[in-house]
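The sequence shown begins at 14 in the working numbering and counts up one residue at a time.
Honestly, the hints are just simulated from the structure, not real lab data. Careful, some of the hints might be misleading.
[What the hints assert, rightly or not] With beta-carbon atoms standing in for the labels, derived distance ranges:
hint	residue 1	residue 2	range
1	Arg175	Glu201	17 to 27 angstroms
2	Ala248	Arg137	43 to 53 angstroms
3	Asn228	Val282	16 to 26 angstroms
4	Ser44	Lys220	32 to 42 angstroms
5	Gly265	Gly171	40 to 50 angstroms
6	Ala174	Asn228	35 to 45 angstroms
7	Asp77	Ser202	32 to 42 angstroms
8	Ala248	Ser195	55 to 65 angstroms
9	Glu47	Val288	38 to 48 angstroms
10	Leu70	Val288	34 to 44 angstroms
Yeah, the Cβ is synthetic: ideal placement off N, Cα and C, and Gly gets one too.
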Amino acid sequence: MGFTRPDDLFPESGSLKSNRFKILVVDDDESLREFLEIFLANEGYLIRSAANGEGALELLAREDVSLVISDVRMPGIDGVALLKEIKTSYPDLPVILITAFASMDSAVAAMKEGAWDYLTKPFRLEEIRDVVEKALETRPETQTVNRQSAEKVFKLDGMVARSPAMLKIFQLVPRIASSLSSVLVSGESGTGKELVARAVHNLGTRKEKAFVTVNCGGIPENLLESELFGYCRGAFTGADIEKPGLFAIADGGTIFLDEIGELPMMLQVKLLRVV
14 MGFTRPDDLF PESGSLKSNR FKILVVDDDE SLREFLEIFL ANEGYLIRSA
64 ANGEGALELL AREDVSLVIS DVRMPGIDGV ALLKEIKTSY PDLPVILITA
114 FASMDSAVAA MKEGAWDYLT KPFRLEEIRD VVEKALETRP ETQTVNRQSA
164 EKVFKLDGMV ARSPAMLKIF QLVPRIASSL SSVLVSGESG TGKELVARAV
214 HNLGTRKEKA FVTVNCGGIP ENLLESELFG YCRGAFTGAD IEKPGLFAIA
264 DGGTIFLDEI GELPMMLQVK LLRVV
């Protein structure tokens, strides 16, 4: 993979990041490492780099960084081993893994180990820019401090919170948003499950499509199946027109099934075939 090094390879960022985040780039491929250094520096970030996992750990022992971007396949300590070391010593430090040898199994394994995201080479500049920005959104450096109480206020997609528990949720939401998997949001009534679901939708790739909310406890049991799945004209007496179900309306977007535990068990079994 060949890259050129001129300083004007990328246009100068219009407004450099005011918080001056420090990003550590780890890759044994010097050309790709320098490519990322130049691109991210022009985005306004402070850059540190290492050619291998050992060098990355040595640097982390000396300096605070806001984000690590690491290749997976490297001699010595590879990217996944580096991720494990970082999550043990610096559990709140987000790590983005990049590789030219991606598979679904390796991506799932990396996310289980705590990777913020998993990108496949070659990636688009917009892709790396968006992933980096999302990873840094919930870093403490970006949060607003209430100077009167010295208590941090955390914000995400219209939600505001102060508790460490909510901060963990705010950190998790952008990671979940980049996945196409079904998501279970649990909690007591009134704790903001729908707000979290909307944030997952708004921060993900489906944000331009519909977000459909279904109150499973508010629809009569005899109408639930037709509301969710729709019906064709003539399917039963009185079905004079074709009616699209809520799943069809949400196609390509997100359907939020509120109080899903209220659904009859047989209908929950049918839902398993859909989600």
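Structure-based check of each hint:
no., hint, verdict
1, Arg175 x Glu201: 17 to 27 angstroms, "holds (18 angstroms)"
2, Ala248 x Arg137: 43 to 53 angstroms, "holds (45 angstroms)"
3, Asn228 x Val282: 16 to 26 angstroms, "holds (20 angstroms)"
4, Ser44 x Lys220: 32 to 42 angstroms, "holds (34 angstroms)"
5, Gly265 x Gly171: 40 to 50 angstroms, "violated (23 angstroms)"
6, Ala174 x Asn228: 35 to 45 angstroms, "violated (24 angstroms)"
7, Asp77 x Ser202: 32 to 42 angstroms, "holds (40 angstroms)"
8, Ala248 x Ser195: 55 to 65 angstroms, "violated (27 angstroms)"
9, Glu47 x Val288: 38 to 48 angstroms, "holds (44 angstroms)"
10, Leu70 x Val288: 34 to 44 angstroms, "holds (40 angstroms)"
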